[in-house]
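Undergrad: Letter by letter, the chains look like this.
Number of protein chains: 2
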Amino acid sequence: MKNIHKNILHIEPTHGLINDPNGLIYDHGKYFVFYQWNRFKLDHSYKEWGLTTSFDLIHWQSQGSALIPDTIKDKDGVYSGSAIPKDGKIHVFYTGNTKNNGNRKSYQIHAILEKENTFVKQPQTIETPSGYTEHFRDPFISKENDHWQMLVGAQTDNHHGTIAIFTSDDLKKWQYQGKYFENKILDQMCECPNLVTFKDKRLLLVCPQKRQINLDQDISSYSAYYIGKQENNRFIPDSKLTKLDEGFDFYSPQVFQDKSGRKIMLAWMSRMTDTQEEACPTKQFGYMHCLTLPRELILKNGKLYQQPLKEYLDASQTRKKIETKEIKFDSNLCFEIFHFNPSNNSKFEISLFNDNIQLEYKNKNLTFRRKDWSTSKFNTKTFQINEIYQIDFYCDRSAIEIFINNGEKVLSARYFCNENERKNIFLSSHNFKFEIKDLKI
Amino acid sequence: MKNIHKNILHIEPTHGLINDPNGLIYDHGKYFVFYQWNRFKLDHSYKEWGLTTSFDLIHWQSQGSALIPDTIKDKDGVYSGSAIPKDGKIHVFYTGNTKNNGNRKSYQIHAILEKENTFVKQPQTIETPSGYTEHFRDPFISKENDHWQMLVGAQTDNHHGTIAIFTSDDLKKWQYQGKYFENKILDQMCECPNLVTFKDKRLLLVCPQKRQINLDQDISSYSAYYIGKQENNRFIPDSKLTKLDEGFDFYSPQVFQDKSGRKIMLAWMSRMTDTQEEACPTKQFGYMHCLTLPRELILKNGKLYQQPLKEYLDASQTRKKIETKEIKFDSNLCFEIFHFNPSNNSKFEISLFNDNIQLEYKNKNLTFRRKDWSTSKFNTKTFQINEIYQIDFYCDRSAIEIFINNGEKVLSARYFCNENERKNIFLSSHNFKFEIKDLKI
Numbered sequence: 000m001k002n003i004h005k006n007i008l009h010i011e012p013t014h015g016l017i018n019d020p021n022g023l024i025y026d027h028g029k030y031f032v033f034y035q036w037n038r039f040k041l042d043h044s045y046k047e048w049g050l051t052t053s054f055d056l057i058h059w060q061s062q063g064s065a066l067i068p069d070t071i072k073d074k075d076g077v078y079s080g081s082a083i084p085k086d087g088k089i090h091v092f093y094t095g096n097t098k099n100n101g102n103r104k105s106y107q108i109h110a111i112l113e114k115e116n117t118f119v120k121q122p123q124t125i126e127t128p129s130g131y132t133e134h135f136r137d138p139f140i141s142k143e144n145d146h147w148q149m150l151v152g153a154q155t156d157n158h159h160g161t162i163a164i165f166t167s168d169d170l171k172k173w174q175y176q177g178k179y180f181e182n183k184i185l186d187q188m189c190e191c192p193n194l195v196t197f198k199d200k201r202l203l204l205v206c207p208q209k210r211q212i213n214l215d216q217d218i219s220s221y222s223a224y225y226i227g228k229q230e231n232n233r234f235i236p237d238s239k240l241t242k243l244d245e246g247f248d249f250y251s252p253q254v255f256q257d258k259s260g261r262k263i264m265l266a267w268m269s270r271m272t273d274t275q276e277e278a279c280p281t282k283q284f285g286y287m288h289c290l291t292l293p294r295e296l297i298l299k300n301g302k303l304y305q306q307p308l309k310e311y312l313d314a315s316q317t318r319k320k321i322e323t324k325e326i327k328f329d330s331n332l333c334f335e336i337f338h339f340n341p342s343n344n345s346k347f348e349i350s351l352f353n354d355n356i357q358l359e360y361k362n363k364n365l366t367f368r369r370k371d372w373s374t375s376k377f378n379t380k381t382f383q384i385n386e387i388y389q390i391d392f393y394c395d396r397s398a399i400e401i402f403i404n405n406g407e408k409v410l411s412a413r414y415f416c417n418e419n420e421r422k423n424i425f426l427s428s429h430n431f432k433f434e435i436k437d438l439k440i
Numbered sequence: 000m001k002n003i004h005k006n007i008l009h010i011e012p013t014h015g016l017i018n019d020p021n022g023l024i025y026d027h028g029k030y031f032v033f034y035q036w037n038r039f040k041l042d043h044s045y046k047e048w049g050l051t052t053s054f055d056l057i058h059w060q061s062q063g064s065a066l067i068p069d070t071i072k073d074k075d076g077v078y079s080g081s082a083i084p085k086d087g088k089i090h091v092f093y094t095g096n097t098k099n100n101g102n103r104k105s106y107q108i109h110a111i112l113e114k115e116n117t118f119v120k121q122p123q124t125i126e127t128p129s130g131y132t133e134h135f136r137d138p139f140i141s142k143e144n145d146h147w148q149m150l151v152g153a154q155t156d157n158h159h160g161t162i163a164i165f166t167s168d169d170l171k172k173w174q175y176q177g178k179y180f181e182n183k184i185l186d187q188m189c190e191c192p193n194l195v196t197f198k199d200k201r202l203l204l205v206c207p208q209k210r211q212i213n214l215d216q217d218i219s220s221y222s223a224y225y226i227g228k229q230e231n232n233r234f235i236p237d238s239k240l241t242k243l244d245e246g247f248d249f250y251s252p253q254v255f256q257d258k259s260g261r262k263i264m265l266a267w268m269s270r271m272t273d274t275q276e277e278a279c280p281t282k283q284f285g286y287m288h289c290l291t292l293p294r295e296l297i298l299k300n301g302k303l304y305q306q307p308l309k310e311y312l313d314a315s316q317t318r319k320k321i322e323t324k325e326i327k328f329d330s331n332l333c334f335e336i337f338h339f340n341p342s343n344n345s346k347f348e349i350s351l352f353n354d355n356i357q358l359e360y361k362n363k364n365l366t367f368r369r370k371d372w373s374t375s376k377f378n379t380k381t382f383q384i385n386e387i388y389q390i391d392f393y394c395d396r397s398a399i400e401i402f403i404n405n406g407e408k409v410l411s412a413r414y415f416c417n418e419n420e421r422k423n424i425f426l427s428s429h430n431f432k433f434e435i436k437d438l439k440i
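Same order as they appear, the protein sequences are chains H and S.
No gaps in the numbering here: position 190 of the first sequence is 189 in numbering that gives the first Met the number 0, and each next residue is one more.
No gaps in the numbering here: position 97 of the second sequence is 96 in numbering that gives the first Met the number 0, and each next residue is one more.
Note that these hints are calculated values from the structure, not bench results.
The reader is advised that the hints may include incorrect statements.
No distinction is drawn between identical chains; accordingly, a pair holds when it is met within one copy or between any pair of copies.
What the hints assert, rightly or not - Here are the simulated DSSO-like cross-link-like pairs (lysine-lysine), alpha carbons at most 27 Å apart as the crow flies:
1. 172 with 98
2. 282 with 171
3. 209 with 183
4. 40 with 29
5. 439 with 361
6. 85 with 5
7. 172 with 346
8. 178 with 239
9. 114 with 104
10. 40 with 88
11. 258 with 178
12. 183 with 363
13. 114 with 5
14. 98 with 171
15. 282 with 29
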């Protein structure tokens, strides 16, 4: 059976279930994207790190299992973590999850890529300091001036989300330095902290998680960021907490820096409900979920922009370019980019893939609708945006990322349409510029 | 490009290079075949345990990586080993290979299948006792009456092949009990010892290896067996050392027992030279080598017989049955079985796949020829056999196993012919019975 949902650019597993991107790193010409992987079942009962690599961020080569649960400190899951280079070797840190007689215990574990394809798990591990529950995970390592720093997503004894900080001179011995950041807005747990260092600002990514404490179950979670600074092992925000993505499928982003200094982010492209996972059309092909496209993070005038990589534009060819008030056309099954430049103060309506994806802008409100494949009803989000001068649509076969005003806002969503649902309509109160591009790979 | 060499019944890797079968075990309705696997390159630079499982020994499901090199005790290779059940769990023992500054050091490592898909490596390991070099590997575990026993393939300080023995009450603490068996015939190293316990006899499988001591390189090796008994942690043979297979491609066999008590053996189906590996036609499809078919070992009147599993006959259908002095027919690209029953004292010539495989019997000598795909010349073996009353040919697409006189002798060989080389000829001085069967799976 033909798989019309198989994405072209979005990283998907060869089989099994993918979630968080892990250990993102650029090393000697090669991009490493590790990811949380259940290669046995389409559920979350097993977690290891799978690996895919690329030389150009477009073509990816699956490398299979990279770190698997096989020690007494990670037997119930090789959970998320990050990577950093030191002395010519890639070092990764991840959370080893264990459950013995129902009791969770977490270890922050260090592994070194001692030679090609061989990560050696180091015996020294970090146990959870007092003051926290064992929801203590997702170590994020950065190099500060004269030392290394590890942020760990955490839950306090009182069940508040927070971030713990450790420092080290050698990546081996770590000193606990207290709470890097705490705020009630971090709900009951803060997952996947990430710190991005721009010239004079820091960007702190957090995933606040609401939890049902008695049952030890998660309820909901989302991904957001602060802009601020770091002083004496503490983060001081000078912005309010802002969502990273206004769409339906985005979580646990991770950022790394490439050769040219670009800050590149990938995230898990799913916030699917259990019902949506159950009905996910790729299940019949033995896999589920994907990552977002890598996006460049740019901080300009104190404001964060997320932009698609220029590599994708370089690899694209214009199919059509027009100025009009209305255009109807069919998508093909390739990766397509649409550039849409509305006039000032115009209203517009956009429908993609026979209404599977819809955008409507009027009265300074943008409404985003996505047809839910599990119910055939629409999921809807509306938010205020005072001016829209550009929207770029990056359309893969079952994943779309919509960049508004050069990435001031991004809407990410999975969608699953039939093969014959390829009709697109752009309709506006005023003339707009429009361009369709096809990716040539 | 079509792969006409892809075998139907012989276990092959999805990609990469396979060698020794490891950890063979039947557990709760499922057959586990682990194997030495380089999933990254078609060479021997990386070794882990891959896994494939089956419910019927016919249909196999690849499970990917099972044990990977990721600790300081196995970072340079998860080498061969065996499996045994205890208290409802599968326990495996393997050799962890390490090389630091060019110095080899081996550890015998214990891992427990703590839950589905998760082997947990245990911290206690066995280091090499004094009196041996670090060519100390391939632990084979058996349950004796009141304790567990481990045989380890070894090389003495004086560079003689031997087998070391350990015993344990709990699979955790092991006591070294000296040399299980030593004999100059074991060359410079004895790889992959296996012990099979029949009603009143023991079968000891050994792989004597000739080594170039100064360069620490292997020269040649083969697989053979003794029949004998075990007394006070020592093996006492009452047969001479006999080759297990008289063909071209057979090494490092391993035996396990299934539910019904059958002793079933699989081996690595390769003794390819470097030149043959280089020219191996499956390389273009990203994989190399296969295992032999599982064979049942039967000890009858003090003599060992190797027989194809009855499962294959059960799944086969007769295409043709005839009595004649000559038959010519074409093979198809399915798995085929030929039963050949020559008359007493007859001479015969058999040519399969346009002469790629040839058997000739005259003057009580059987000559086996296989066309070498790297040179197009013939590899030849001749041995005396006083009477031949039956030959069964099990023909896969690029692997053939020939069972003489109900498995008194077996000839295993890889062969690689063109798609149009399908002509077979059986020609004898006297009438013979002949039957062609097709496997229906």
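Undergrad: Could you run down the list of hints and mark each one as holding or not?
TA: Hint by hint, here is what the structure shows:
{"no.": "1", "hint": "172 with 98", "in the structure": "both (25 Å within a copy, 26 Å between copies)"}
{"no.": "2", "hint": "282 with 171", "in the structure": "neither (41 Å within a copy, 42 Å between copies)"}
{"no.": "3", "hint": "209 with 183", "in the structure": "within (11 Å within a copy, 70 Å between copies)"}
{"no.": "4", "hint": "40 with 29", "in the structure": "between (29 Å within a copy, 18 Å between copies)"}
{"no.": "5", "hint": "439 with 361", "in the structure": "neither (35 Å within a copy, 65 Å between copies)"}
{"no.": "6", "hint": "85 with 5", "in the structure": "neither (37 Å within a copy, 44 Å between copies)"}
{"no.": "7", "hint": "172 with 346", "in the structure": "neither (58 Å within a copy, 77 Å between copies)"}
{"no.": "8", "hint": "178 with 239", "in the structure": "within (19 Å within a copy, 72 Å between copies)"}
{"no.": "9", "hint": "114 with 104", "in the structure": "between (30 Å within a copy, 17 Å between copies)"}
{"no.": "10", "hint": "40 with 88", "in the structure": "between (33 Å within a copy, 21 Å between copies)"}
{"no.": "11", "hint": "258 with 178", "in the structure": "neither (32 Å within a copy, 57 Å between copies)"}
{"no.": "12", "hint": "183 with 363", "in the structure": "neither (31 Å within a copy, 90 Å between copies)"}
{"no.": "13", "hint": "114 with 5", "in the structure": "neither (33 Å within a copy, 32 Å between copies)"}
{"no.": "14", "hint": "98 with 171", "in the structure": "both (25 Å within a copy, 22 Å between copies)"}
{"no.": "15", "hint": "282 with 29", "in the structure": "between (30 Å within a copy, 25 Å between copies)"}
Hint compliance for this structure: hints 2, 5, 6, 7, 11, 12, 13 are broken, all remaining hints hold.
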